[in-house]
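S.K.: Listed below, chain by chain, are the residues.
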Amino acid sequence: MSSKKHTASQLRVGDRPWVKRSLIGLTLFLTTILLVVPLIAIFQQAFVKGAGHYFTSLLEADTLHAIGLTLLVAALTVPVNLVFGVMLAWSVTRFEFPGRKLLMTLMDIPFAVSPVVAGLLYLLLYGNNGWIGSWLYEQDIQLMFAWPGIVMVTVFVTCPFVARELIPLMQQQGREDEEAAVILGASGWQLFRRVTLPNIKWALIYGVILTNARAVGEFGAVSVVSGNIRGETNTLPLHVQLQYEDYQAAAAFASASLLALIALLTLLFKAFIEWRQERQETTL
Amino acid sequence: MSILIEHISKTFGQFQALSPLSLDIQEGEMIGLLGPSGSGKTTLLRIIAGLEGADTGRIQFGDRDVTNLHVRDRRVGFVFQNYALFRHMTVADNVAFGLDVLPRKERPSPSEIKKRVMHLLDMVQLAHLANRFPSQLSGGQKQRIALARALATQPEVLLLDEPFGALDAKVRKELRRWLRGLHDELGFTSVFVTHDQEEALELSDRVVVMSNGHIEQVDQPGALYASPNSRFVFDFLGNANVFEGKIENGQWRNEQAHIVLPKGAAQQNGQLYVRSHEFTVSETATDQANLPLKVVAINPIGAEVRLELSPVGWHSKDIWEMDLPHKVFDKKPVEKGQTVFVTPKAGYFFAQDAKQAEPLHW
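Chains as they are written, first to last, in the UniProt record's numbering: chain D, 1 to 284; chain C, 1 to 362.
The following block holds chain C by itself, in its conformation from the complex (with noise of 0.2 Å):
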């Protein structure tokens, strides 16, 4: 079922939670909503729930209006970070709980009822804990049977508030995996919130990026990595190092640091963007930048080695990160305590005060 937001704000006293906001969610789509905290990303998914009311406008599910429907009656699935499983029931009864409590007109028989938490079971591959109560599971078994429960009146529209945040690193991409070829073939809509970057890019058709309760840009996760429309984006999706560089003779100055312009530049101040991966490390300065960094950690980090490095005689807010492929670091590897000089291949631009991107190559 397509989901239709319409200029949908809300206020928490004086704290303005969501500024008017409006997104198009297809039928069968899987929608990630990703921000830091306080974005506004669980109040919009609640009130997509019907757990808050928005102060200003309109809620469609389908062609139908839900904006004044009660929760209850929105007959949305709902996964919470902390499961809320119902701790004095089984199993099988917390997955039971939706169809139990329909009116006796709509109520399938207990057989029936039954029939379905063991299909439902089955399906998130649980069916012997079904005698068991809540507290004698894992963390992972507890969210699949948060989700069976969610699924087992067969809801159109399946919510999730940060499933996957409560998990160790292993169980949350094997669940990730789960929960999207679950996805495909059941073929409801969903969102869920995340703060993860990689999850939101991982898991959705398509990333809705936010802050301050604003939504800062809708993209699908390939085109939000390769143009991010705005700071905030570039910044959030991660691992981008900044220079901030003052023209001076065509170049961009930051103390004694420098980095030529590539050709066709314009000539402004302004912040250049570099993500971890796109360097390379010499022992010298080059032709393009005399950019030096004294390594103070080493880490490997799966296929890579994570270099952190801070500035030697210029000026960064944060620490800069290098991905390298072992290959690389093998060949000519650095130590802790070492100054290197990197040399950035591709970068993006922001003119001061500028909110789109200028990507730069050299």
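Extracted from the complex, chain D is given alone in its bound form (with noise of 0.2 Å):
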């Protein structure tokens, strides 16, 4: 019986030095061009002018705006999708109820329509043309072209990153927790709070962290939807395309360099939960 498995490992694809050498080599070689190379690139040309270029570029008014608004947009849409992921995963996870199957899919369509075309549908309806746009034209409300369209597309986007890390935990969880929290007479928020969300900690700051990168980095559904007024509806991806288009490369690069970044803390972020993640799980 041993010796059988020992042949079988021998047979494994991968095993032989040469095959897994090149496989390693082919891998990292790829990274490099692919990832690595122009990662480096973006900092190399931002700081091409020098730093003093870099440092004014990035404190001019209009970038200024481009970074404050980002934020803005991020500080708004990650507690939006934090709430409503939470009630989405809950709801498919915990009651049965028809249409339950088709919910779950249906939450993944922000993944699989292109964002410039979930852009144009925002604008289709709200819109000052749009069906709910004049309507809402007529109250002396607009929301295309302004901030808060921004926001509706960017918490459109990123509204599956919650709800999917959380899922498959909380199924496979089950309720019995739940069940035995409640049989022992806590409150629905006693609940929530003592129970579910310790369960769900780790997923929840991943989703979380996921909502956030996507939030900052978004292009397509903001660009349709913002109308890249300078100094107004710009934010920082919109903006280091017209930073570029205006042929100032090294100002574009170094607000690109700011997203860059904020990526790059967001995954060495990423990482840390998980290090913590499998630290408590192996403690536990």
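Hints in this document: simulated from the structure, not taken from any laboratory. A virtual CB, placed ideally from N, CA and C, is assigned to each residue, including glycine. A hint or two may mislead.
As the list claims (entries may be wrong) - From the derived model, a few chain D residues whose C-beta atoms are all more than 12 Å from chain C:
1. V36
2. H65
3. G174
As the list claims (entries may be wrong) - Computed beta-carbon distance windows for the label pairs:
4. D/Q139 with C/S111: 30 to 36 Å
5. D/L106 with C/D122: 52 to 58 Å
6. D/L197 with C/H119: 25 to 31 Å
7. D/P79 with C/K173: 52 to 58 Å
8. D/M87 with C/D122: 55 to 61 Å
9. C/T67 with D/Q139: 47 to 53 Å
10. C/R132 with D/F47: 21 to 27 Å
11. D/R21 with C/S135: 39 to 45 Å
12. D/L106 with C/S111: 49 to 55 Å
The task is to assemble the complex, starting from two chains supplied on their own in separate frames and drawing on the hints.
M.R.: As structure tokens, this is what we get:
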């Protein structure tokens, strides 16, 4: 039996040294030219006119405004999708209702549909000539080509992240913990805060990180509804494009380096969360 | 507290999980709900707890109607098969949970809660584990903690869903005895679900045998064993061998095999159920029976030797089992592959289509 196992493992793909070496080598090579070199290039290009120019271009009023708007969008999007994602995950994993499966499929639409299409749809609905937008226009409310529109499409584009992280975990954990808590007399809020939340804490944080990363970096949908008004409705990704089209390559890369930095920090935080989670699972 | 269950029924989609059934549980009684999976026993337990709502019927605790009372307000203790301990809380916090979530007016002071928790942990003999997390405990320890947690709020009704199902045989036996002791000492009313007939017979004051959403029989363990009132109960309470016989010249015949009817037995076709210890073995056929069987396995189990036998020249749906005391076996050992003849001493006869059995003795 054991000798059989041995020969089987000898025949496993990738067990021969040359297969192993060339696979790892190829992976590293591709990672380098596809990921690492462009990342380095961003920072290299950002500093091509020196550190002084780098910081002056970042401190330009329009750039500062773009940074502020981007942070505002993320700060509004994340809490909305945090609450919405938890509600959604709770509903589909804890209740049985007709259309539950359909709902789980529908929630992936923002992933499946191109963000540009999402942007156009919002424009069609909420634009000044749109179905809902024309009515809102009469009430003197403008959503499109203004920051509320940007927040709306960003919420749309990022809404599956939290729910997608929570659903598999909550399905796997089952309802027993919550049933035990409610039998012991816990109220709905006590149940959520003392039993459910600690159980889903790490997945929730993970979902929030992904939501935040996407909210900061979203381009397609935002570019349709923003109207690109410099210093008013320009988010950081849009600003990068605008600067580049103005032949301010170094300034564009300086702004881009900020986005790249946020992305790197996010990944670092994500790695830290994963490490914490793993450690907790092994010690618990 | 007594529990009165009246005409409770439940369907899940198209599936009738419980047909209307009624059950009267006395105060301080320990009731075992016994049945195969899908028999509705867990559904019934969850309806008593309030975790599921019944489609029809009424439930009463004592003289309080709880049919429409929320789980939270029923104040029952519930123990899950997989413990359902809160993994991020220490053992002590788990046990304290039911007290911690009480409304402020009813909640004991923190020091009082601590005292009660330690008392409960002492009771389950695990006080030294108070600061551990559930994942650091063995299965048996987890189940004791789950029990302590369920008892913290001093419920008068304790419900247990396959409480020992996930434990190994030795721990299961130990916990069973310990639970029975606790039940007798504290005097709550217990209902537990099990698919293990031995567990149900050993632990319960009365056993409720269920199948397909019906109650088949409710009786004390001894009475249940002595007079099973249906084929199902007979089958489920186990270790019965079935001889399918057609009447021919005062004998039940199945191909080459036959059994002579005892005096006074009605001459009808049907099935003879014989328990695994109600046989004698011989090397030749007897006047009373000609039942040749080939020995396919010999397993010493505890005080007995179990033979597995397959029919020779006649037909049976299942393999036959016989339990012989070691003494009897050692006197006349048989070997694997050998053909032996068995003779029933007592049995239960179900005439074709009859629900009731007729006990027989030779």
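S.K.: None of the hints should be skipped; say for each whether it holds.
M.R.: Evaluation of the provided hints:
For D/V36, the non-interface assignment is confirmed: its Cβ lies about 39 Å from the closest Cβ of chain C, beyond the 12 Å cut-off. Its beta-carbon lying about 43 Å from the closest one in chain C, D/H65 satisfies the requirement of being farther than 12 Å from that chain. Its beta-carbon lying about 8 Å from the closest one in chain C, D/G174 breaks the requirement of being farther than 12 Å from that chain. Taking 30 to 36 Å as the suggested C-beta distance range, the pair D/Q139 and C/S111 does not conform, at roughly 60 Å.
The beta-carbon spacing between D/L106 and C/D122, approximately 53 Å, falls within the hinted interval of 52 to 58 Å. For D/L197 paired with C/H119, a C-beta distance near 30 Å keeps the hint of 25 to 31 Å intact. Judged by the Cβ atoms, the range 52 to 58 Å given for D/P79 and C/K173 holds: they are separated by roughly 54 Å. At about 43 Å, the CB distance of D/M87 to C/D122 disagrees with the hint of 55 to 61 Å.
The given range of 47 to 53 Å is respected by C/T67 and D/Q139, whose C-beta atoms sit roughly 50 Å from each other. For the hinted restraint 21 to 27 Å between C/R132 and D/F47, the CB-CB distance of approximately 54 Å leaves it violated. Roughly 40 Å separates the CB atoms of D/R21 and C/S135, a value that falls within the hinted 39 to 45 Å. Between D/L106 and C/S111 the beta carbon distance is about 52 Å. The supplied range of 49 to 55 Å therefore holds.
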